[in-house]
Amino acid sequence: MRFLLRRAGFFVLTLWAAVTLNFLLPRMMPGNPALAMMGKFHGRLTGQALQNLETIFGVNTHESLLGQYWHYLGDMATGNFGTSLFFFPSPVGQVVRAAIPWTLGLFGVVTILAFFLGTGVGVISAWRRGGVVDSVAPPLLVITSAIPYFWVGMMFILIFGLKLQWLPWSGGMDITETPAWTGDFIGNVVQHAILPALALLITTIGTWTLTMRNNMVTTLAEDYVRMARAKGLSSSRIMLDYAARNAVLPNLTGFAMSLGFVVGGAILIEYVFNYPGVGYMLLQAVENEDYPLMQALFLLITVAVLVAILLADIATAIFDPRTRTTR
Amino acid sequence: MRLLKAIAGNAKATAGALLLLAFIVLALVPGLFARDDPTAQTYPRNLGTSTAHLLGTTGLGQDTFAQAVYGTRQVLEIAFGAGLASTLLAALIGVAAAYLGGWADAVLNLFTDVVLVIPLFPLLIVIAAYVHNSGTGVLIAVLTFTGWSYTARQLRSQALALRSRDFLAAARVRGERASYIIAVEILPTMSSLLVAAFLTNALYDVLFASSLQFVGLGDPNSTSWGTMLYWAQNNEALQTGYYVQAIVPGAAIALLGAGFALLNYAFDEIGNPALRPLRRRRRLALPRRLRQEELSRA
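From first to last, the protein sequence lines are chains A and B. Under my numbering, residues 272 to 598 are what the first sequence spells out, in order. Under my numbering, residues 1077 to 1374 are what the second sequence spells out, in order.
These are calculated hints, taken from the structure and not from any lab test. By construction, the Cβ of each residue, glycine as well, lies at the ideal position given by its N, Cα and C atoms. Do not rely on the hints blindly, as some may be mistaken.
[To be verified] Not the full set, but computed from the structure, chain B residues with beta-carbon under 8 Å of chain A:
no.	residue
1	Gly1085
2	Thr1090
3	Ile1201
4	Gly1251
5	Arg1253
6	Tyr1256
7	Gly1333
8	Ala1337
[Claimed, not checked] Pair by pair, the computed Cβ-Cβ distance ranges are:
no.	chain 1	residue 1	chain 2	residue 2	range
9	A	Gln436	B	Ser1267	31 to 39 Å
10	A	Ala288	B	Phe1243	35 to 43 Å
11	A	Val578	B	Ala1084	26 to 34 Å
[Stated by the list, open to error] Computed footprint of chain B on chain A; a stretch qualifies when at least three of its residues, placed anywhere within it, have a C-beta under 8 Å from a C-beta of chain B:
no.	segment
12	365-379
13	423-435
14	456-466
15	538-549
16	552-562
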């Protein structure tokens, strides 16, 4: 219990750090870039919306920095992120909400697939040291981990989208489709998701395999595995219940940790495939100097990673008795 | 010398070292390999491959091969600059936390953890968005200050294990300052971990910097692989059939990254004998069948 409370405290602290970064960054830059942005949109914004943005970015206010900060924290706590300048006059919250399901659908499925497939290959590779899987998979995955995510996406577009014309490679669905729960629409969405999903899968699977393999190699040398063999337990039981169960713990924490990296990869994959998710939206916001939208998306991504870490902590507490007994 | 021997004895390390060496040579003397000025927009646009232009020309009429060769320099500057700086920063923070203990450790460790979980690439995007057209120096600085946390955590736990060792107690009794003990007594014992950390950091710095440049957050006038990809994307190189413009810089990044990754993987094997390939152990004098039986049990 204490372990989880401590982790929850860490959650709040990190969230606060991310909000503070959002607040400080534009103010730290030479010539406050937000000022230039506000200048560009001069005349379009009036009244409440203008005032709101001015307090968020500290433009035209005569408040002290501390007062501005206090205001800012209040705005963030109440979900008041301001008005999107690119998707004017939609409030930022509404724009973000439209992007979330796309990313969650694509990225959620791929992350889970990559974790299970990658960990599985790692288990087999360590179990049959020097076997076919073990001599091919690790070196291959070391090399694929060095390839930029987005470039894999570009090559997929080139080969499967443009040359072979097997699958659509731009957007989340055809423009002619209208969102509805029909087989036709769902099929269309799935078709559009296949190429980005594959590109993401290929580039993220390696990390799981390599860490799992190396953990598993260490675990297989433990005395309790030897003991299990001496007892004459079946190989599959030893492999899964004795070795893999213990070796997967660091991978669970790593799973949450590297979500941060995978989210980064997903941003570029979405960008390359014009996939209308959170990452694509973030880069759109950057390109159009829509700083309120950018700040909200950065916060959203941070919260997503933090939630994942918290979940992994809970899972670790369930699987690893040692964390439960430490007081 | 021992390091060279270890690299030569490991196939992955040899491959990685050769790749890296080839790119270092390209970065030092690009003029030997490409005769064109990489920025001069003097040729017809979007030429195909030919003997005059090995990899064709870009949408702006520059020689693609010359760009790829000259682009090596900035990528390596970032890889070594940010890679070394963030590893050094990580070493200072991680080891200081472990060595000082108590309050200082609690604060530094918490700080490290917070930086560690804030998603790195989105943060880089946000910072780069405010900066506009980040050049080499800005990229190195940003990558350094955001990319040290993972290494710091690794080094801290390594240093914690060292804390109660006699040679450190001896240094303390001699009355050495904490900064001296950290820099001269502790850090040298962790050299293999530092090298591995540097290789990982350098790999990520290459990927992150190229990614930022690709989405247009770098300096669009710089000569680098990420910028080449940016222009290829702008030029719709894939859709219009000029895909060499996109393949070349991406492949270059992947090759350099593979160099760092292979070296790193090999260093893991050298540092942790349990991970070495099994083939090696067969050289022992035991009969092969017996060995294998034993191995399958171990």
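* Per the hint of 31 to 39 Å, is the separation of the Cβ atoms of Gln436 of chain A and Ser1267 of chain B within bounds? -> 53 Å, violated
* **8 Å C-beta criterion, at least three residues: is the segment 456-466 of chain A covered by chain B** => Three-residue rule not met by the segment 456-466 of chain A, so violated; n is 0.
* To do: Establish whether the coverage given for the segment 423-435 of chain A by chain B is satisfied; the threshold is a Cβ-Cβ distance below 8 Å, and no fewer than three residues must meet it.
  => This one holds; 5 residues, not fewer than the three required, reach chain B with a Cβ under 8 Å.
* Claimed coverage, the segment 552-562 of chain A by chain B - three or more beta carbons nearer than 8 Å -> holds (count 6)
* Coverage criterion applied to the segment 538-549 of chain A (partner chain B; beta-carbon cut 8 Å; 3 residues) -> holds (count 3)
* Should the hint that Gly1333 of chain B touches chain A count as held when the rule is a Cβ pair under 8 Å? -> The hint holds - Gly1333 of chain B has a Cβ within 8 Å of chain A, the shortest such distance being about 3 Å.
* Asked: Hey, does the Arg1253 of chain B contact hint survive, CB to chain A under 8 Å?
  -> 32 Å, violated
* Asked: When the nearest CB of chain A is found for Thr1090 of chain B, is that gap smaller than 8 Å?
  -> With a closest approach of 13 Å, the Thr1090 of chain B hint is violated.
* chain A contact restraint for Tyr1256 of chain B - C-beta distance below 8 Å -> With Cβ-Cβ at 33 Å, over 8 Å, it is violated.
* Are Ile1201 of chain B and chain A close enough, Cβ to Cβ, to be under 8 Å, as the hint says? -> 6 Å, holds
* **Per-residue hint verdict: Gly1085 of chain B, partner chain A, C-beta under 8 Å** => 17 Å, violated
* Asked: Do the beta carbons of Val578 of chain A and Ala1084 of chain B sit within 26 to 34 Å of each other?
  -> 47 Å, violated
This entry does not satisfy hints 1, 2, 4, 5, 6, 9, 11, 12 and 14, going by the numbered hints stated previously.
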